[in-house]
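J.: Residue strings, one per chain:
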Amino acid sequence: MAEWQNVIRKRDFPMIAQGSCEGNGMVYLDNAATTQCSRPVLWALEDYWQHQHANVHRGVYCLSSKATAAMEETRQLTAEFLGASPEEIVFTFGATDGLNLLANAFAAGELKPGDLVLSTEMEHNSNLLPWLEACRRSGARLELVAVTEAGNLDMEDLRRKLERKPRLLALTAVSNVLGTVNPLEEIIPLAHEAGTAVVVDAAQAMRCRETDVRALDCDFLVFSAHKLMGPTGVGVLCGKAEWLDRLGPGRFGGGMLRELNWPEAAYEAGGRKFEAGTPNLSGIAGLGAALEYLQAVGRKRIAAYEKELLHHAEKRLSAIGGVRILGAPEQRAGVLSFVMEPLQAYDVAMLLDKKGFALRSGRHCADALHARLGLSGSVRLSPAFYNTKGEIDALADALKEIGSVSRKAGIPVGEKTRG
Amino acid sequence: MDEIKAEQEAILEEFRQMGDSFGCYSYLLGLAGLLPPCPEEVKRPENAVKGCQSHVWLHAWAEEGFFRFQADSDTYILKGLLYLLMNVLDGRPLEAAAAAELYFWKDPMLLGSFDDHRQKGVGYVAATLRRMAGELLHSGETFADPGGTGTSPDKS
Numbered sequence: 001m002a003e004w005q006n007v008i009r010k011r012d013f014p015m016i017a018q019g020s021c022e023g024n025g026m027v028y029l030d031n032a033a034t035t036q037c038s039r040p041v042l043w044a045l046e047d048y049w050q051h052q053h054a055n056v057h058r059g060v061y062c063l064s065s066k067a068t069a070a071m072e073e074t075r076q077l078t079a080e081f082l083g084a085s086p087e088e089i090v091f092t093f094g095a096t097d098g099l100n101l102l103a104n105a106f107a108a109g110e111l112k113p114g115d116l117v118l119s120t121e122m123e124h125n126s127n128l129l130p131w132l133e134a135c136r137r138s139g140a141r142l143e144l145v146a147v148t149e150a151g152n153l154d155m156e157d158l159r160r161k162l163e164r165k166p167r168l169l170a171l172t173a174v175s176n177v178l179g180t181v182n183p184l185e186e187i188i189p190l191a192h193e194a195g196t197a198v199v200v201d202a203a204q205a206m207r208c209r210e211t212d213v214r215a216l217d218c219d220f221l222v223f224s225a226h227k228l229m230g231p232t233g234v235g236v237l238c239g240k241a242e243w244l245d246r247l248g249p250g251r252f253g254g255g256m257l258r259e260l261n262w263p264e265a266a267y268e269a270g271g272r273k274f275e276a277g278t279p280n281l282s283g284i285a286g287l288g289a290a291l292e293y294l295q296a297v298g299r300k301r302i303a304a305y306e307k308e309l310l311h312h313a314e315k316r317l318s319a320i321g322g323v324r325i326l327g328a329p330e331q332r333a334g335v336l337s338f339v340m341e342p343l344q345a346y347d348v349a350m351l352l353d354k355k356g357f358a359l360r361s362g363r364h365c366a367d368a369l370h371a372r373l374g375l376s377g378s379v380r381l382s383p384a385f386y387n388t389k390g391e392i393d394a395l396a397d398a399l400k401e402i403g404s405v406s407r408k409a410g411i412p413v414g415e416k417t418r419g
Numbered sequence: 420m421d422e423i424k425a426e427q428e429a430i431l432e433e434f435r436q437m438g439d440s441f442g443c444y445s446y447l448l449g450l451a452g453l454l455p456p457c458p459e460e461v462k463r464p465e466n467a468v469k470g471c472q473s474h475v476w477l478h479a480w481a482e483e484g485f486f487r488f489q490a491d492s493d494t495y496i497l498k499g500l501l502y503l504l505m506n507v508l509d510g511r512p513l514e515a516a517a518a519a520e521l522y523f524w525k526d527p528m529l530l531g532s533f534d535d536h537r538q539k540g541v542g543y544v545a546a547t548l549r550r551m552a553g554e555l556l557h558s559g560e561t562f563a564d565p566g567g568t569g570t571s572p573d574k575s
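Top line first, the protein sequences correspond to chains A and B.
With the numbering used here, letter number 363 in the first sequence gets 363, and the count goes up by one each step, no holes.
Convert by adding 419 to the 1-based position in the second sequence; the result is the number in the numbering used here.
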């Protein structure tokens, strides 16, 4: 274990270093679902509730001004983190919320009957269902870009579908099942040539990939704080200023009204009109602390180490009889999913839990992808920078043991591949 | 002690000798192979108890006042548990099956972490079986064994 990692495990993630849950051993490898909060984030949350809590934008008194300034500082920090301007940052309640907000706005004013919207077969339901519903409401049509056998986005299929000038392409930066890194640098210019706006779901990408929205030239990007060592219930929708000005609000309430001449209402310009109601203020404080923490640890260092960890996991798991890793994408980041047939993913994850490993099983809210792969579920391993190669090795040993006890029980795990 | 309780205590005793929960779950994998084969026609949607990650199919009928059922799952661990539930309930008098207090999987030494709270786990399956026994008891109907795999009750 590198010295920096030893330090952050002990200092910033005591539960990870302690490695236990209710007195039993635990190796946490479910970081694609959520990450553990770092200590600085917990301090920021405590500090917020103890010293800063007041509603923003509506108070002339000191505490409200302080709370407003703190929120705007986080907006500035988030903008710098993404390479955007503060006016392009909308605080949401998470990536799912950001996508729903956008889909509502598109359904209300942009999509028309007959329009085409594209998403992909590898999306999380959060980047499918809002668009499905938006299309149903507007009379537009949603089609999915295919995924190849290897788990890459089928670029030929994408090109063919772009010829029909879709209004929008909503896709993930990194698959939450296969770990496929989509070549956004290639995809976004192709989409723009077709006059198609691009929405990037960066929920899985923000920690393990450095993201600059200006360089990418995406029209919108969403992410959640809780996959970045931050708290749950807060996220970001980053949109190009011209788009945020053009779209109507996705929801309505206090804080987004510019003027009311009953019954006519005019809304704030830019991102502010998307922040109806009281934001998750403590969450935003936690988000700010999480982004500062990642910057302090070093985003390049995190990305490089997580890549190394995933490569190690792929090497160890692929050598185990009966373990079949899903997909072989050109570039993989963040997650690795596998099956151990004929055991169900549920069986494997339950047995792993009894060995102290926290991995997720099921379809991971990627039902379309599992249908495409002909699977009812998979087991997902998603390490973060506080995990170690030693933990991956221990997981590999546990999987070998599961294979062995299954075969003893008459369940032919790995026998076909061995034969 | 009634026979349903005695069977559950015997199961618990057996599992307590496994040493740890991984041993218990590994043992369940072995029990999965002992679950009597379930005819495909039983695996109809109306017989399914659907969970987020696993499916269980249950079909129950009465045979001369005794509770009989067939069961299957797409996961081995649940198959093992269904085998144990079969040992506890199948072939019992309808009245006893409907009133049975079923608890063996709740033992912390055994399967305390089972996802009973989701109402789709083994607790939900057990409650469904009890309900089926109650319905059969009150309907007074005797259903044919659909798969032809049933044998005469050997428990009373």
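If you're looking for bench data, these hints aren't it; they were derived computationally from the structure.
Among the clues, some could well be false.
Label-pair restraints from in silico Cβ distances [claimed, not checked]:
| no. | chain 1 | residue 1 | chain 2 | residue 2 | range |
| --- | --- | --- | --- | --- | --- |
| 1 | B | Glu520 | A | Gly109 | 55 to 61 Å |
| 2 | B | Glu520 | A | Gly19 | 46 to 52 Å |
| 3 | A | Pro342 | B | Arg463 | 42 to 48 Å |
Stretches of chain A that chain B covers, calculated by requiring three or more beta carbons in the stretch to come under 8 Å of a beta carbon on chain B [unchecked claim]:
| no. | segment |
| --- | --- |
| 4 | 254-268 |
| 5 | 349-361 |
In this text, a Cβ means the ideal position worked out from N, Cα and C, and glycines have one as well.
J.: Provide an ascending list of the numbers of those earlier hints which the structure does not satisfy.
T.: 2, 3 and 4
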